[in-house]
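Novice: Below are the chains, spelled out letter by letter.
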Amino acid sequence: MDDTDRAVRDELERRLAVIEVEERETPRPPFPRADMTTLVVMVVVSVVVGLIVGLA
Amino acid sequence: MAAHEDVAREATFGSLPVTREERVWNFADFTWVNVGLAIATWAFLVGGATASLVGFADGLLAMVIGNAIGVAIMLLASVVSSQRYGVEQYTVLRSVFGFGGVALIVFTVILFTEMGWSSLLSVMFGRAVSQVSNEALGTSIDPSGLAVTAFALIAIVAAWVILAKGPLTIRFFNRIVAPGLAVLTVGMLLLIFTETSWSQLLDAAPLAPFEDDRLNFALAVEFNLGVGFSWWPVMGSLARLTTTPRAAMWPACIGLFGATILAQAVGMAAALTLGDSDPTVWMVPLGGAWLGALALVFVAFANLTSLASIVYSTCLALRQAGGSFLTRVPWPWLCAGFFVLPGILAFFPGLLYDQFLLFVTWTGAFLAAICGTVIADYFVLRRQRIDLRGLYAHGAASPYHFTGGFNVAALLSTGLGALTYVLLYNPQTLDTRPAFNLLTASVPAVVVAAVAHLLLTALLVRRAGQGGYDAARPVVDRSREGKV
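From first to last, the protein sequence lines stand for chains Z and U. The first sequence finishes on residue 56 if you use the working numbering, and the numbering steps up by one all the way, no holes. The second sequence finishes on residue 540 if you use the working numbering, and the numbering steps up by one all the way, no holes.
It is worth saying that the hints were derived from the structure and are not from the lab. For clarity, every value in this text was computed on a predicted model and none was experimentally measured. Be aware that a few hints might be false.
Take a look, some chain U residues computed to stay more than 12 Å from chain Z by CB distance [as the list claims (entries may be wrong)]:
(1) 217
(2) 305
(3) 396
(4) 435
Partner residues are not named here, just some residues of chain Z that face chain U (Cβ under 7 Å, in silico) [claimed, not checked]:
(5) 10
(6) 30
(7) 35
(8) 39
(9) 43
By construction, the Cβ of each residue, glycine as well, lies at the ideal position given by its N, Cα and C atoms.
Can you build the whole structure from these sequences, using the hints too?
Specialist: Okay, structure coming up:
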């Protein structure tokens with residue numbers, strides 16, 4: 001293991017430790033359900049419009 | 057920090073997770089990043105290519121439908137997980153494809169996709185400079201002539217010099233180019249409508265359509281789906297720097313959907329009005345000799361920065377996926393190695409540039425299948441939970457080691473998705489099945505890849521106790537039990 005590998009490993013450990021503390025204090029939420037619904041609606045509307053135009 | 061140190065730092069530490077204080081982009085910041093990414097010279101290329109198939113009204117509809125679906129799927133497969141965990145997407149992908157599987161994807165699909173885009177941008181630079189020479193010096197350089205090759209090679213060398221100087225130089229040039237292209241787009245729009253009425257634009261015939269109108273429309277939608285998917289290689293790495301899921305998702309939609317369509321529509325209007333799909337041909341007829349030549353010089357310059365930007369992110373991905381071997385290759389040599397194939401392709405200027413539609417749909421076939429696999433894995437199988445430490449553990453110590461570093465289920469699913477695409481629409485032969493006109497090829501490719509991944513994971517991976525899939529559920533269940 002050279003100096004670069006060691007530096008990367010140490011930095012990774014430092015960051016993972018910081019993130020674990022952050023997660024305990026305020027867990028990161030999953031992607032909001034409302035946003036997912038909006039995105040799906042956007043896709044569905046596009047598909048429906050596409051189907052109507054395609055059939056026409 | 058010196059430029060070479062900046063590159064070395066990002067190449068070395070770029071794959072590490074970012075902490076909350078390092079997430080610097082809020083909603084407005086990320087909106088500008090995406091608008092800058094969207095309003096680039098490739099938007100004009102897409103507009104021109106769409107005009108070769110359909111008229112303005114159908115083209116606009118195809119752009120809206122194709123980009124809405126393509127961008128939404130692409131964002132779910134890249135932005136969401138990278139944003140939540142603060143990790144660039146090629147590291148997150150280890151949980152889907154395994155360490156070796158990611159390298160396989162990066163060194164095949166991603167490498168050739170980005171090499172293709174690099175070739176397109178360098179040839180576009182060559183053609184823009186040739187047009188300036190023809191206009192200012194009275195030369196008559198052929199669009200596929202040796203001079204275009206020479207100028208394209210100059211673009212590659214110039215982009216390599218910018219790249220070798222590091223990301224700070226790229227950022228500096230992008231700050232000039234992004235607003236400049238926005239001004240150019242608005243200027244083109246104004247010039248088009250001073251010469252052409254709205255009804256003339258709506259009546260303009262497509263440039264090189266096939267006989268079947270429905271096929272033309274389906275191809276235009278498919279092409280724009282491919283354009284939406286083509287953002288996938290870069291989006292996750294950007295989104296990890298955003299502050300919240302909403303600050304990642306909606307700015308990306310505003311930029312890659314809204315701003316893209318605006319720039320593409322201007323390109324399409326110019327192509328239909330002037331009867332040529334090549335953006336480098338539009339500027340002089342639109343702006344006159346001097347203004348047109350000035351616009352072409354700017355387009356050429358803008359292509360250099362776009363070229364440097366995509367090669368920068370790709371070379372970082374190559375370095376991170378290439379293990380210890382590529383980590384030790386000096387940055388300028390790695391970038392030079394990347395440019396070998398685009399350099400060879402510069403000797404055949406028309407090969408990709410005149411077959412732009414073909415190139416985008418071929419890459420779309422694989423990117424759509426990858427997106428389907430990733431969405432099934434992250435949202436359905438893992439329920440948005442990834443073991444962050446596991447992404448960085450080595451060998452069998454990582455739950456994402458799978459079989460020798462490869463998740464066979466995910467790779468097979470991606471292959472099946474791409475095969476579905478080619479069965480419905482073969483970009484090479486242009487053979488289509490009747491279902492293509494209604495379903496397109498990308499959407500079934502996404503669905504097949506996703507369903508195949510769910511089934512194959514149950515059959516091959518979970519039974520073998522691989523992939524850490526079973527770890528996701530108990531964590532959720534325990535937390536629920538705790539609440540009860």
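Novice: All the hints need checking, so say for each whether the structure fits it.
Specialist: These are the hints, each one checked on the structure:
1. 217: holds (26 Å)
2. 305: violated (6 Å)
3. 396: Holds: least Cβ distance 26 Å, greater than 12 Å.
4. 435: violated (8 Å)
5. 10: violated (11 Å)
6. 30: holds (4 Å)
7. 35: holds (6 Å)
8. 39: holds (5 Å)
9. 43: This interface hint holds because 5 Å falls under the 7 Å limit.
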